[in-house]
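Protein chains in written order, with our numbering: chain A, 1 to 331; chain B, 1 to 344.
It is worth saying that the hints were derived from the structure and are not from the lab.
Treat each hint with caution, since some may be false.
[What the hints assert, rightly or not] With a straight-line Cα cutoff of 30 Å, these simulated DSSO-like cross-link-like pairs (lysine-lysine) come out:
1) B:K60 with A:K134
2) B:K320 with A:K164
3) A:K261 with A:K194
4) A:K194 with A:K33
5) B:K60 with A:K131
For clarity, every value in this text was computed on a predicted model and none was experimentally measured.
If you want the building blocks of each chain, they are given just below.
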Amino acid sequence: MSLPHDTAIMLLRQMIRIRRFEEQCAEAYSAGKIRGFMHLYIGEEAVAAGVMPALGADDAVVATYREHGQALARGVGAERIMAEMYGKQEGCSRGRGGSMHLFDVATRFYGGNAIVGGGLPIAVGLALADKMRKRNRVTACFFGEGAVAEGEFHESMNLAELWKLPVLFLCENNLYAMGTALWRSESDTDLVAKASSYNMAATSVDGMDVEAVYRAAQEAVATVKRLSIPYFLELKTYRFRAHSMFDPELYRSKAEVEQWKRHCPIASFVESLRGAGELDDDALAALEADVTQEVGRAVAFAEAGTWEPVEDLERDVYTRPVRSVEAAERT
Amino acid sequence: MPAKAKLSLDMPPNEPTARVRTTYREALRMALREALQRDERVFLMGEDVARYGGSYAVSKGLFEEFGEERIRDTPLSESAFVGAGIGAAMGGMRPIVEIMTVNFSLLALDQIVNNAATLRHMSGGQISIPLVIRMATGGGRQLAAQHSHSLEGWYAHIPGLRILAPATLEDARGMLWTALEDPDPVIIFEHALLYNLEGELPADAGAVGIDTAAVRRTGNDVTLIAYGGTLGKTMQAAEQLAQTGIGAEVIDLRTLRPLDTGAILASVRKTHRAVVVDEGWKSVGLSAEISARIMEGALYELDAPVARVCSREVPIPYAKHMEEAALPQTADIVVAARGTLHRA
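Isolated chain B, as found in the complex (with noise of 0.2 Å):
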């Protein structure tokens, strides 16, 4: 695993560091320096990531630091600067693309799904392409629909793309590096509530592995399987269980693509009980794969059916109180959970 060899690298384990207090957005920019500093392949590019700092200032003062050469404001025109993207990684670049949102990447699908997901396979392995793109993600900030996608685990769909949801500001300071040096596409998705999300940090932090989910709480009684920005209500939901004597084990898948199977199902052969937590919809999505693969892998190891927390079918509404019955809340992952226990 030459991502966790580097993870040593960066990170002795015996040796006590300094911590610092910092950001979600803080830890994906330092990241992006880092990336900078060490690569002159490494470039960044998308609508307004130089001047204006980044739509979510992730990249804020990037600019200033490395010019316009390096941090490169683009048109509005995403398929044509995701494809930029892919033409550079085979032309030996290391470009990150920042596309927005998610919701945007919909006009670059073309690129990203029939050229940069295929060329590999189809050319019978002569091209790699060394491309990171990067994307806010999810809702919870009153955008209504059009600004509100969950779409991850479309792309988790597709082969020959990596796809990773940092949840957590090691990830979110760790995954860069790591998809940087992965010869394959990887997309990042950003949850567009977490920039904010603030914690410590060693102060050397530095890259992560990309190939295995993380149990980010222990427990026997349930397994809650989360990522990206519905970790924290996740999170939340276990602490309320364990006030009332549940164990709630807390996976953080970390990677849509490919999953960490064997994480999941380790965790459900201890605990006997599942609930997915996904703030996609449920119909055709990630939580209905997990759900698969808990089926196929552990079955008879279930003490109750997989239980789904996700998304209300609806495009997701702009009030206040319709957005917050629409999304998937640390409420709704307690309920779900008790009922895997037969508890109400």
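If we strip away everything but chain A, and leave its shape as in the complex, we get (with noise of 0.2 Å):
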């Protein structure tokens, strides 16, 4: 542990945030509060926490469908991402997109894209808009092991090297795309191989060590701002739960994944502060108890929201409105 002290107890927190937030997202979904698809981010709370801090408020974040970690992380307020998942309008995308799509351009987090590979292009497309109009700025573009076999991550990253765009690719690899295991469906499994066969830098890193995660980010979005080039950032991580609600996990022993909590992203950091005299039992229990606020102030604002009125369901499917079919029939 060399970390400064102040930057290890803020990556501690975002990560403990990330863990209280989604298990009181996992209760309320138990008790029907939260419906629809929900992926939990719990076990790879190291890659958000380390990766934002890496950014400026002016570079984007492209994130996937298990994106409630990276919304935390980024700044989106914990009162609108849970009030979105309770399909209030008070949410972040007023309760249209639901868990998988937090949206907030204040702090340029565009979404929350759950079609896999999807966000890659736009990512591209975000870092093209900076490179032409000058402004030195990264788009980091968050996806999983399981995009890596769409069409639409080659083609981004060659068009991202091959036009040389600061987007910083951050590969997730937590093994299973859904429940199939990569090495089920990639003929090679080195995803580092894969991006510097597009020419592009590329590296690898325990996504487990919330340090490590730090200082690669650190590196790799400095990397693209000072060269203007892309960068893939691969992420080795495992979730402890479930694909998502609806998932056996038929596809993976108990004991896998009891061998991976040994490695719990947050428990072994706290273990490394404690033995570097960094946090003590009563600092801990403040942070937690910090959390444990923050979440129960999300909960309460999201019970508290409101439901959008169904009679603004056509509003935004169009920035200049169009005549509905109804009123051009009544003409």
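Combine both chains into one complex, guided by the hints.
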């Protein structure tokens, strides 16, 4: 442990925020407050927590449907995220998106994209706009290793490198695309080699080690901004929970999951901080208490939220409204 | 109607203007050039749009004029460059993405349907995507099934998209700028047989509205509803019908989504008969939608069932005589129109 104290505590706080928030989400799901597909990030917190501090307010984030952690770490308010999952109009997407589609333009958080691989071309385009407008920004694009099998991954990697666009490709390799292990779906499981085949700067990091992620992300973002090039960072991680709330986990053994839980990014970081004398019981308890309060406020906000009027159903399909079919027929 | 207001700015109504002879292709190019000159956020990207000059030569010369930053050749990666257009639009640019033909646009359906069309609504109104996608469409050039689709009706099915089908030089010249000013994704379908269409345009022709259909010929006996590549055949049919004393009114839809239902119904209420002409297939297609809207809005005005002239329900074949038989032809439109008047 060689991080500055404040940085280390900030990283720990972000991981615990994500963990406790999602534990509450699971509870709310069981209580029927949250519906639809919900994908928990528990086990992978070090990735979002470690990457996000490398980004500035002007940078952009494109994420997947497993994005509660990224949204929280990016600074989208926990209240508005929870309200979104409750389907309330106070939610960050007015309740139109739900768990898989968190959006917040104010923090340049562009989803919440639920088609595997579909966010990559958008990230390439955001970076293209920055390059053409000569803005020194980076677009951070999160996706799972399952996306590597999609054509959109390869098209986007090629285009980003060909045009030297400032995209940070963040491949969260949690080993399973839903229930299909990486080795069952890829002829070559070396993801860095795939990125390198496009001549892209590429490296891999232990995604269960928040300090390592933090340092790797700092280096990656600095490289992207200094050289205006894309960069591929693989984050080797593991989700402790099922793929979604409907997954009986037939494809992996309990023993394997238990094995990985011994590498819990939060527990191991806490241990490391204690060993370095950076954290004691009181400080940890105070941090946990803060987070509990924040999650409690999020739930209260979501509970108190209101339903969007059905009359607003067709609002925001277009920015410039169109006459409805019914109105046209009355003419 | 802001688009109309702009039109009047560009074309003062009371001053006669010089007319120039041009083509549909050149009109499109003039529109591209004007857009690139007027707004530095505008750029064009697609397969072979730069050094090759566009597979239909629409963008010929623009690369030399505007350079590789703004006229961008892309890899054959429809999904990536359409998605990049979406992202660039979100990032403040005004991209024009050319997909070589509608047939290849199927490789970008994920980006168009799952992203471009949904992101505004799904984000609770936070995002606008001012993206213009242009593509060639249609058959009639003996290119066989994989290069002859007319799938604009598919795209017109999708809320969140605006679908345009310029059929005239004025619209080829004028729709692009209005589409670029629109804050939402607009897809422009250019029928490949129209590129060589010749005619005259006012020298100062400019932007046109994209919200309404146009009556291209007035008549009292039957309404012929067409768009894009079939407008010419429909106008010929109207001419032939006139020679036998039948007055056909021709409506050019111009915009396929949102449809100008009011214009269709107004004409049908006058003529009491309608023929829908569409190069797409009948089944579950645009012609079915138009027919349904006539039923919903003007059933009791009809003196005959709505007739449809569409492509035969086959993949479009290569052999000339077979392709001609598969596509809507002028003679088919005449027969259908006469049928609504109970004349053989």
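Checking each numbered hint in turn, tell me which of them this model violates, lowest number first. Structure breaks hints 2 and 4.
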